[in-house]
Structure formats: C-alpha cells, structure tokens
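*Asks:* Sequence:
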Amino acid sequence: MGDSPGGPRTLVLGGARSGKSAHAERLAGDGPVRYLATAVPDPADRDFAERIAGHRARRPAAWEVLESADPAAVLTEPADAPPATLVDDIGTWLTARIDALDAWAAPRGTVAPAADALVAAVDGYRHRLVLVSPEVGLGVIPATRSGRLFRDEIGALNQRLAQVCDEVVLVVAGIPMRVK
1 MGDSPGGPRT
11 LVLGGARSGK
21 SAHAERLAGD
31 GPVRYLATAV
41 PDPADRDFAE
51 RIAGHRARRP
61 AAWEVLESAD
71 PAAVLTEPAD
81 APPATLVDDI
91 GTWLTARIDA
101 LDAWAAPRGT
111 VAPAADALVA
121 AVDGYRHRLV
131 LVSPEVGLGV
141 IPATRSGRLF
151 RDEIGALNQR
161 LAQVCDEVVL
171 VVAGIPMRVK
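For the sequence shown, the numbering used here assigns the number 1 to the initial residue and increments by one for each residue that follows.
There is no bait here: all hints are sound.
Using C-beta positions, here's what the derived DEER-type ranges look like: (1) 67 / 46: 12 to 20 Å; (2) 46 / 8: 34 to 42 Å; (3) 180 / 126: 17 to 25 Å; (4) 57 / 107: 39 to 47 Å; (5) 175 / 105: 37 to 45 Å.
Read the hints as simulated data drawn from the structure, not as lab findings. Only a predicted model underlies this, so the values are computations on that prediction, with no experimental measurement involved. Just so it is clear, CB atoms sit at the ideal spot from N, CA and C, and this is done for glycine as well.
My request is simple: use the sequences and hints to build the entire structure.
*Replies:* Here it is in structure tokens:
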C-alpha cells in the first residue's frame, strides 16, 4: 500500500449534503475523467431523480459517464484508463448490493465477497482514483435493523478503503479536511 504510480487514490468521506461529491469532482479535475455513477435510479423517486439531475448538470460534458457500473469490474478492466476515475458513491453501490442479495434481514457480512472485490480492485488500481463514500458513524444509532446494518457495513468498508487509499479527506459543511 503506497502511492499509486499514476496518481493517488483518494477516499472522500462526508455526511449527507456535506459537499463531498463536489469536492471529489474538483479533485478529479477538468480533463478526461471517467465518472462511475453507482446509483440505481428509481423512476418513482422524484427526489432522488432531482439529486441525480443536479450531479449530471454539474459534471463537465467531456467526462465519460458510466451509470450503474460495478466499480470493482470497471477498475480491474485491462483497458486503458483515463487520467482520472471518480466513483460516486460507495454508499449507493453498497445499498444496491444489499438489495441485489436481498440481504437487509441477512447476517452482517453477507456482502463481504462484493466488498472484498471492491477493496482489491481499489488496492490494485494504478491510476488517479477518487472514491466518494458517506461517513455515517457520526450520528445517532439508527432505529431500524436495516439502518444499523447499513451503518455497520459502510463503516467497515470505509475503514478498509481508507487502508488501501493513499489519501483520505473528510468533508464537513463544504470544507475538506485531510485525514490521511
């Protein structure tokens, strides 16, 4: 685990509406960027659709966008990588994985194989990489089992990603703070 020869791997953490995605977009730069949007849009969820539209409007037109991509698969593809890859966000990816496995009532660790693949892909990636993930451990204990499951799984995954990334940034109220 050291600096990636093609540029650092940076994990950007933050709470909801903290400015983490906007900060990650600035880190990725204006040049060629491959943007992996991990959200699986639900046409019936107008609020989420508006959030996605806001993200789309903010992105430079020159960016290559892959929506609903599997980050582990994309990061391990042998094809030439662009100067920077931005994955936004690990929380929506994890939610989609838990949904796909119908694991909301399953024991913790059910998504471990997918998380292992993601961490291995990030660890092996040798180009500029920016990952966005929610920091959910600063708030209240969720009242529901599914909320606690998500908090525990994303917390464990964020710790593992932080270990293999060269840099970790926490964004609070739009202000980035270097953690690692």
